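For reference, the chains in residue letters:
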Amino acid sequence: MIKHKLALAVAATILTATAYGQSARDYISIVGSSTVYPFTTAVAEQFGKANANFKTPKVESTGTGGGFKLFCGGVGVQHPDISNASRAIKKSEIETCAKNGVTEIVEINIGFDGIVLASSKKNKPMPLTIKDLWLALAKEVPDPATGKLVMNNFKTWKDINAALPANKIEVLGPPPTSGTRDAFVELVMDHGCKEFPAIKDLEKADEKKAKATCQTIREDGVFIEAGENDNLIVNKLVANPNALGIFGYSFLEENLDKIQGETINGVAPSFETIADGKYPVSRPLFVYAKKAHVGVIPGIKEFIAEFTSEKAMGDEGYLARKGLIPLPNAKRKQVAMDANALKVMAP
Amino acid sequence: MNKPATGSATPPPSRNIKAIVHQNLARRRAAERRFRGYGLVAITLGLAFVVLMFGNIISKGLPAFWQTYIQVPITFDSTVLDPQGARDPQALANADYATLVRAGMRQLFPHVEGRLPLRALGGLISSDAAYELQRRIQDQPELLGSTQEVWLLASAAVDTFFKGNIDRTLPEAERPIKDNQIEWLDKLKTSGKIEKQFNAVLFQSGDSREPEQAGIRGALMGSFFTLLVTFLLSFPIGVATAVYLEEFAPKNRWTDIIEVNINNLAAVPSIVFGLLGLAVFINFFGLPRSAPLVGGLVLSLMTLPVIIIAGRAALTSVPPSIREAALGMGASKLQMVGHHVLPLAMPGMLTGSIIGMARALGESAPLLMIGMVAFIVDVPKNFLDPATVLPVQIYLWSDLPERAFVERTSAAIMVLLAFMILMNGLAILLRKRFERRW
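As given, the protein sequences belong to chains A and B, one line each in that order. Convert by adding 1410 to the 1-based position in the first sequence; the result is the number in the numbering used here. Convert by adding 45 to the 1-based position in the second sequence; the result is the number in the numbering used here.
In case anyone wonders, no lab produced these hints; they're calculated from the structure. As the structure is a prediction and not an experimental result, all values here were calculated from the model. Beta carbons are placed, not taken as given, at the ideal position from N, Cα and C, and that holds for glycine. The reader is advised that the hints may include incorrect statements.
Which stretches of chain B does chain A cover? Using the computed rule of at least three CB atoms under 8 Å from a CB of chain A, they are [what the hints assert, rightly or not]:
hint, segment
1, 332-338
2, 420-432
3, 440-447
Within a straight-line C-alpha distance of at most 27 Å, the following computed DSS-like cross-link-like pairs (lysine-lysine) qualify [said to hold, decoys possible]:
hint, chain 1, residue 1, chain 2, residue 2
4, A, K1668, B, K296
5, A, K1743, A, K1500
6, B, K105, A, K1668
7, B, K477, A, K1532
8, A, K1532, B, K238
Distance ranges between label pairs, derived from CB positions [stated by the list, open to error]:
hint, chain 1, residue 1, chain 2, residue 2, range
9, B, W111, A, L1642, 25 to 31 Å
10, A, N1463, B, K208, 35 to 41 Å
11, A, A1622, B, G82, 54 to 60 Å
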């Protein structure tokens, strides 16, 4: 008897849940990048605290690509309203969105994130250039004598550039699934290789091969994939003074007593140099909102207003304290205006 | 027949064996000593790692159970909070409480001037302080107009500094606490206006991006709802399956196939169940994402095989004589199982279930797929509210840049471990109390 009742209760719960899942959701659902997660969650919390009549939004950390997959799944309460991204939305993703009926997307550039190369404070600072970094990390590099592509055999930084110390090359970085890795490849590897005439020639002959040569990171143990957890990389740097680590600027800022950011092309990573664009390895961060959900899910407009307000995104806003590099003043005003007007992206 | 012949050639057999035994004795004893030695080394090594792990977690996590508070004189100024004098609750809720906190801090340090030093002064107090004052006024509107000494939550940087995790000899640019802030904190310390109190926030609130306001209440409730669903589903189904397979089902090729599959399922990586849950429960049935109901459904798929296997083992350990006696007394097969076999097997089944539940409690991978790896501030109140669970909370906190989350991560691990020990202890207790040996 008891078991019958139990089974009935379970069945009833599932049925009501199904009905519930299809009818209403009274909180904003956000998915996407783990890099943007620390910032969006801060805004979500403030929004929930300041607005007693709205629930606090739910923020899932799914990665940029995974986020767009969910976001572009369609229009309706079972699909998320907002997606975080550590890169701009791809053309293919816009097409997927459109195919599923998600045509009106509001793009908000919330600020910048610097990608730093850091090492333990016990190590002397190394003035790196993007060219050095490419030579250290590419799988194939042009032979200095002949200019032909050979397997990368550089073992120490001195081999690459006589001005650098004779330390073993050892770089801890994120795995290919990470948005930070994508940005590193795009900002460092792609630019570094363009400084070699051999690659330029190759580009004219075989564009695809040139791109692959630029972007392929060596697999002989010099570049170590250290997983998605940046705190782990920081700890490994402290334990191994020779190693360099690649991660977001906020982790450098929190651990300035243990690690230092290396200068790249003569510019040290700092709040100011990333904000004014002097530091070469920085990327824009985005938040995408579904216009069709505004008015259906309560609070989306107000949430966007909170996100783009000066007290969040501004020079001294709470996001800056969390490590987000704010946009320049004029650009920020423009972004806030467009976002609050729910200006949709050109299809 | 030829015994005398050999006997004459060698010494008498009794002395011979004794000599051989004697000869080997030292070697055999040495081998035994060596084996014991290996065993001891293995156990010591294992224990050393456990001690190292627990020591590391506890030494990091223990400070998180205390939190730094600063005593600030707060004047609940009615000209700020209630300019109309109407005592309208809505107006009172929306009033500017941050001004009160700032005024209180200025009263403590009247000589601080200038925008930046004032900002630094305000930075000593958590951003939750204003909401704390708002809650107090909502609970006790009669406070309006009075001046109270209020213990306010200090900011995470102050807390980390006060716990000695920030080196004050570092250059100013490298620490989150600046020189003037250290000076103020030292003054507060000598006047006894700063102290560590039990960290109730950790157990009372949901997640937060400010370390000092972050708590595990949301994750604990999420774990509770998820495990409740898991238990309600997997225990009855698991027990029924075990009883049917063991007592009623004919032994043929089909039951063999089922048995192989159940054993196989027990070894499937948990992420696979997450993918299944996403495809079936969320995409097909349209259940909401991030809900403990879906989490419980997925985890019960995962624990079912464990419970079935443990249940069958418990049933087989009930001696056949009990069954035969019951049948001999004229009981039907159902009565035999229901009145005799099942009660005797129940302690073993419960033990297996509890161990399966403990495993479900520590699981995070399958929940990633169904949206439970999420930042959720509001504490879930039912099976459909968005929720997260304890292991996921640990994972999320470990990935945040703020230093103060390190100790909270370890504290959350300690709570999780405590529940694990509790559940496994309960399983042992049940076995000890109720198990019958034949």
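How the hints compare with the structure:
1. 332-338: It holds, with 6 qualifying residues against the three required.
2. 420-432: Our answer is that it holds, as 7 residues pass the Cβ test (under 8 Å) against chain A, meeting three.
3. 440-447: With 6 residues closer than 8 Å to chain A, the segment 440-447 of chain B meets the three-residue bar; holds.
4. A:K1668 x B:K296: This hinted pair is violated, its Cα atoms lying about 66 Å apart.
5. A:K1743 x A:K1500: With Cα atoms ~25 Å apart, K1743 (chain A) and K1500 (chain A) stay inside 27 Å; holds.
6. B:K105 x A:K1668: holds, 18 Å
7. B:K477 x A:K1532: With a Cα-Cα distance of about 56 Å, the restraint between K477 (chain B) and K1532 (chain A) is violated, given a limit of 27 Å.
8. A:K1532 x B:K238: violated, 38 Å
9. B:W111 x A:L1642: 25 to 31 Å: holds, 27 Å
10. A:N1463 x B:K208: 35 to 41 Å: Holds, at about 38 Å.
11. A:A1622 x B:G82: 54 to 60 Å: holds, 56 Å
The structure shown violates the earlier hints numbered 4, 7, 8.
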